[in-house]
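Using the hints, position chain B against chain A.
One letter stands for each residue in the lines below.
Number of protein chains: 2
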Amino acid sequence: MPSRCPLCAEAGGVLIARSPRWRVIRAEDAAFPAFYRVVWNEHVPELSALSAAQRGECMDVVCTVEQVLIDALQPAKINLAALGNVVPHLHWHVIARFEADSHFPQPVWGTPQREQPDAVRLLKVGLNELDSRIKASLQHAFQCA
Amino acid sequence: MPSRCPLCAEAGGVLIARSPRWRVIRAEDAAFPAFYRVVWNEHVPELSALSAAQRGECMDVVCTVEQVLIDALQPAKINLAALGNVVPHLHWHVIARFEADSHFPQPVWGTPQREQPDAVRLLKVGLNELDSRIKASLQHAFQCA
Numbered sequence: 193m194p195s196r197c198p199l200c201a202e203a204g205g206v207l208i209a210r211s212p213r214w215r216v217i218r219a220e221d222a223a224f225p226a227f228y229r230v231v232w233n234e235h236v237p238e239l240s241a242l243s244a245a246q247r248g249e250c251m252d253v254v255c256t257v258e259q260v261l262i263d264a265l266q267p268a269k270i271n272l273a274a275l276g277n278v279v280p281h282l283h284w285h286v287i288a289r290f291e292a293d294s295h296f297p298q299p300v301w302g303t304p305q306r307e308q309p310d311a312v313r314l315l316k317v318g319l320n321e322l323d324s325r326i327k328a329s330l331q332h333a334f335q336c337a
Numbered sequence: 193m194p195s196r197c198p199l200c201a202e203a204g205g206v207l208i209a210r211s212p213r214w215r216v217i218r219a220e221d222a223a224f225p226a227f228y229r230v231v232w233n234e235h236v237p238e239l240s241a242l243s244a245a246q247r248g249e250c251m252d253v254v255c256t257v258e259q260v261l262i263d264a265l266q267p268a269k270i271n272l273a274a275l276g277n278v279v280p281h282l283h284w285h286v287i288a289r290f291e292a293d294s295h296f297p298q299p300v301w302g303t304p305q306r307e308q309p310d311a312v313r314l315l316k317v318g319l320n321e322l323d324s325r326i327k328a329s330l331q332h333a334f335q336c337a
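Those sequence lines, one after another, are chains A and B. If you read the first sequence in the working numbering, its first letter stands for residue 193, the second for the next number, and so on. If you read the second sequence in the working numbering, its first letter stands for residue 193, the second for the next number, and so on.
With the rest of the complex left out, here is chain A (with noise of 0.2 Å):
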């Protein structure tokens, strides 16, 4: 646990749901706000870093977030992204995208596609739902908090 890995010292989001080995966060992203993270808590670098067993839970966990976002939201596309350049500590981005978000089709990192002062309204359901669905097929598919 590096002393300044900001994924080690904290949840890093909206608090989810979380396993020994993985916690689930929604990123607060206002122009994204159906963006969620599913962090591995022990600080690892890289995916292939994990055991194969571990990677496979790791990749259903984004696999659960993935589909109840596909299924509450029927977004454009979800995007996800294992990145790590600025905290190398193993966090998984599931980003809802739709044709309307401030960026489509281009990556949420790059270039503004037009002005959305209203990302919110994309979301055919509440992001307090929306928590509380992922939260729920999490904790049926894990048997996790």
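It cannot be assumed that every hint is accurate.
Derived pair list, reagent style DMTMM-like, types lysine to aspartate or glutamate, alpha-carbon separation capped at 25 Å [said to hold, decoys possible]:
(1) K269(A) x E249(B)
(2) K269(B) x E238(A)
(3) K327(B) x E238(A)
(4) K316(A) x E238(B)
(5) K269(A) x E202(B)
(6) K269(A) x E234(B)
(7) K269(B) x D252(A)
(8) K269(B) x E249(A)
(9) K269(B) x E249(B)
(10) K269(A) x E234(A)
(11) K269(A) x D252(A)
(12) K316(B) x E238(A)
(13) K269(A) x E238(B)
(14) K269(B) x E234(A)
(15) K269(B) x E202(A)
Listed next, with one range per pair, are the computed distances between beta-carbon atoms [what the hints assert, rightly or not]:
(16) P212(B) x D310(A): 39 to 47 Å
(17) D310(A) x G318(B): 47 to 55 Å
(18) A244(B) x E220(A): 25 to 33 Å
(19) V312(B) x L207(A): 41 to 49 Å
(20) Q335(B) x P309(A): 32 to 40 Å
(21) K316(A) x E291(B): 18 to 26 Å
If you're looking for bench data, these hints aren't it; they were derived computationally from the structure. Just so we're clear, the structure is a prediction, and the values are computed from it rather than from any experiment. We put the beta carbon where it would ideally sit given N, CA and C, even for glycine.
Same frame as chain A, now just chain B:
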């Protein structure tokens, strides 16, 4: 196979290895020369559309490429992403990043941070050798072509 999907019509880059289910290509990006893609051959948009076994194999391929890049290049970071906003056919970007590359620590889709006219010199081994090592590792792990 949607007729206008470029990843249904063509390999999508320099073909490194292939199986009946997936292929690995090199993207030929001058700014990020060690940029590979794992393309799932069937036209599915999202990772969660794969079966558990397919998803496991897909991520094993991603991790095999990642591990060769780490071993061969000792990059600052590996970046993984499945976006597909423009081409919604499942493909994983696997990119070796270096502190001196044009965008680090920004994502490759972000704002350039510096001039880097000769990115290939950041690689400890040449691209042909890198391609060969990736192919050999994939053949060893998956008995693929």
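*asked:* For K269(B) and E234(A), compute the direct alpha-carbon distance and say whether it is at most 25 Å.
replied: Distance ~17 Å between K269(B) and E234(A) Cα, so the pair holds.
*Hint says 25 to 33 Å; check whether the CB-CB distance for A244(B) and E220(A) agrees.*
holds (31 Å)
*Is the Cα-Cα distance between K269(A) and D252(A) 25 Å or less?*
Roughly 18 Å between the alpha carbons, so the hint for K269(A) and D252(A) holds.
*Could you grab the alpha-carbon distance between K269(A) and E234(A) and see if it respects the 25 Å cut-off?*
At roughly 29 Å apart (the allowed maximum being 25 Å), E234(A) and K269(A) break the hint.
*Pair hint outcome, K316(B) versus E238(A) [Cα-Cα no greater than 25 Å]*: holds (20 Å)
_Hint consistency between K269(B) and E249(B) [alpha-carbon to alpha-carbon, up to 25 Å]_ = Holds, at about 23 Å.
_Hinted pair K269(A) and E234(B), Cα distance within 25 Å_ = holds (17 Å)
*Are K316(A) and E291(B) spaced within 18 to 26 Å by their CB atoms?*
About 42 Å separates the Cβ atoms of K316(A) and E291(B), which means 18 to 26 Å is violated.
*Regarding the pair K316(A) and E238(B), is the alpha-carbon distance no greater than 25 Å?*
holds (20 Å)
_Would the hint linking K269(B) and E238(A) be met if the CA-CA limit is 25 Å?_
OK: K269(B) and E238(A) at ~8 Å, within 25 Å.
*Keeping to a limit of 25 Å between CA atoms, is the pair of K269(B) and E202(A) held or broken?*
holds (22 Å)
*Per the hint of 47 to 55 Å, is the separation of the Cβ atoms of D310(A) and G318(B) within bounds?*
Holds, since D310(A) and G318(B) (Cβ atoms, about 50 Å apart) stay within the stated range.
The earlier numbered hints that this structure contradicts are 10, 20, 21.
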